[in-house]
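Read in the numbering used here, the sequence shown has 338 at position 338, and its numbers run on one by one without any break.
Because the hints were derived from the structure by calculation, they are not lab data. Warning: the hint list may mix true and false statements.
Said to hold, decoys possible - Calculated lysine to any residue pairs in the SDA-like style (CA-CA distance at most 20 angstroms, straight line): (1) K104 x C25; (2) K110 x K289; (3) K36 x P230; (4) K289 x G350; (5) K110 x P230; (6) K289 x D299; (7) K36 x F60; (8) K129 x D151; (9) K104 x E61.
Stated by the list, open to error - Label pairs and their in silico Cβ distance ranges: (10) S108 x R187: 32 to 40 angstroms; (11) V49 x S108: 39 to 47 angstroms; (12) A288 x P232: 41 to 49 angstroms; (13) G310 x R360: 21 to 29 angstroms; (14) G310 x H102: 15 to 23 angstroms; (15) R345 x A33: 35 to 43 angstroms.
Glycine included, C-beta positions come from ideal geometry on N, C-alpha and C.
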Amino acid sequence: MDTPNAPQPTGFHHWDPEEDDVLVCRAVREETADVKTFVFAPRTRRQFVFDPGQFLTFEFEIDGETIYRCYTISASPTRPDTCAITVKRVPNGPVSNWLHDHFKPGMSLKATGPMGEFSWARHGSATGKYLLVSGGSGVTPMMSMTRSAYDLAEIRNVVFLHAARTPADIVFEDELAVMSRRNRSIRVAHICEADAPGHGWTGFRGRLTLGMLEAAAPDFREREVFVCGPVPFMSAVRAILKEAGLDMSRYHEESFNFEDLSAGAQAEVQTATDEMAPAARTFRIEFAKTKRVVECPEDMPILEAARRAGLRLPSSCTKGLCGTCKSKKVSGDVEMNHQGGIRQREIDAGQILICCAQPRSDVVIER
1 MDTPNAPQPT GFHHWDPEED DVLVCRAVRE ETADVKTFVF APRTRRQFVF
51 DPGQFLTFEF EIDGETIYRC YTISASPTRP DTCAITVKRV PNGPVSNWLH
101 DHFKPGMSLK ATGPMGEFSW ARHGSATGKY LLVSGGSGVT PMMSMTRSAY
151 DLAEIRNVVF LHAARTPADI VFEDELAVMS RRNRSIRVAH ICEADAPGHG
201 WTGFRGRLTL GMLEAAAPDF REREVFVCGP VPFMSAVRAI LKEAGLDMSR
251 YHEESFNFED LSAGAQAEVQ TATDEMAPAA RTFRIEFAKT KRVVECPEDM
301 PILEAARRAG LRLPSSCTKG LCGTCKSKKV SGDVEMNHQG GIRQREIDAG
351 QILICCAQPR SDVVIER
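Generate the whole structure from the sequences, applying the supplied hints.
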């Protein structure tokens, strides 16, 4: 069974951000010293429908600046009256620090979604076996999937392997222990790099290795594999699995690094060249706030041209899906083919997704 959503009670309507995109914070829960869960509900009596592993894009107004960030829903779709995101504080991160320091129950945010393909509802296992591997805050989509399997009493064969810095940094440790104890088809293992003060560790220690994978899931080559975490962590896991002979068509990964450009994006900037197709017209892209100007050919997304010029701009999916790169277009014309990361009323108000917007004239952007 690969449909995780519970039946909706008669008389209830689904939350639709096109009708009302405001979500009200109902609770803030401390998970670890630097991780908090924020629970939301619509302003009116609506229920959430999403696949476990999908994300929402939030709009933040911080110090006079509008910032868009995507956060995976950590709650289960089987409990549709609320949804939740779980956020780790990032050093110098404008959004995560603002949430941790200032966001309280009763406050509200605008959001859109849900979006994303990273879900076992969309990538089911022919064998009924799953391996979930997460590092740090990458635990959130795995938690949504595991919670849904537990709530629905599904007999999925799940191995959940989570890596943390210390035992004190393991998010949802107690809840995972309860779920695995009461549903024997869910098995959980943790990897810690070091002990925490007053808390020793006797489990897997260090960085993830093939030996740890084989110990936790000897049949991992038969499983549908989902991996989420920091870019270096996912790269290491991907390399281990590929070298071990996993059929990589069963490998799925997700990573959100919204406080900065990802390692992959930085590598893109370093390796990109300035060669332009000779047949393409080139337009001037001005970023009004930073006074930076870049040249962008008509067949290139504005974000890519900006990266090639060394600009560091918020982005994630680069496919017009998440909305992180949403920007105000002051003037000019673009052609934009997005995948749901922006609404029509935002487009009508002059917003664009620079990851999928190609210039058709000189353009000025309010960044």
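Here is how each hint holds up against the structure:
About 7 angstroms separates the Cα atoms of K104 and C25, which keeps this hinted pair within 20 angstroms; it holds. Between K110 and K289 the alpha-carbon distance is near 24 angstroms, which puts this suggested pair outside the 20 angstroms criterion. For the suggested pair K36 and P230, the alpha carbons sit about 18 angstroms apart, so the restraint of at most 20 angstroms is met. In summary, the hint linking K289 to G350 is supported, as the alpha carbons are separated by about 17 angstroms, within the 20 angstroms threshold.
Note on K110 and P230: the hinted pairing is violated, with a Cα-Cα distance of about 26 angstroms set against a maximum of 20 angstroms. Restraint check for K289 and D299: the C-alpha separation of about 25 angstroms exceeds 20 angstroms, so the hint is violated. Restraint check: the Cα-Cα separation between K36 and F60 comes to about 17 angstroms, which is no more than 20 angstroms; the hinted pair holds. Proposed proximity of K129 and D151 is supported: the alpha carbons are some 18 angstroms apart, at most 20 angstroms.
Note on K104 and E61: the hinted pairing holds, with a Cα-Cα distance of about 15 angstroms set against a maximum of 20 angstroms. A hinted range of 32 to 40 angstroms holds for the C-beta pair S108 and R187, which are about 39 angstroms apart. At about 21 angstroms, the beta-carbon gap between V49 and S108 misses the expected band of 39 to 47 angstroms. Separation of A288 from P232 is about 35 angstroms and departs from the stated range, judged on CB atoms against 41 to 49 angstroms.
Restraint check, G310 to R360: a C-beta distance of roughly 24 angstroms satisfies the suggested window 21 to 29 angstroms. G310 and H102 have their C-beta atoms about 32 angstroms apart, which leaves the hinted 15 to 23 angstroms range violated. About 40 angstroms separates the C-beta atoms of R345 and A33, a value consistent with the hinted range of 35 to 43 angstroms.
Checked against the numbered hints given earlier, this structure breaks hints 2, 5, 6, 11, 12 and 14; the rest are met.
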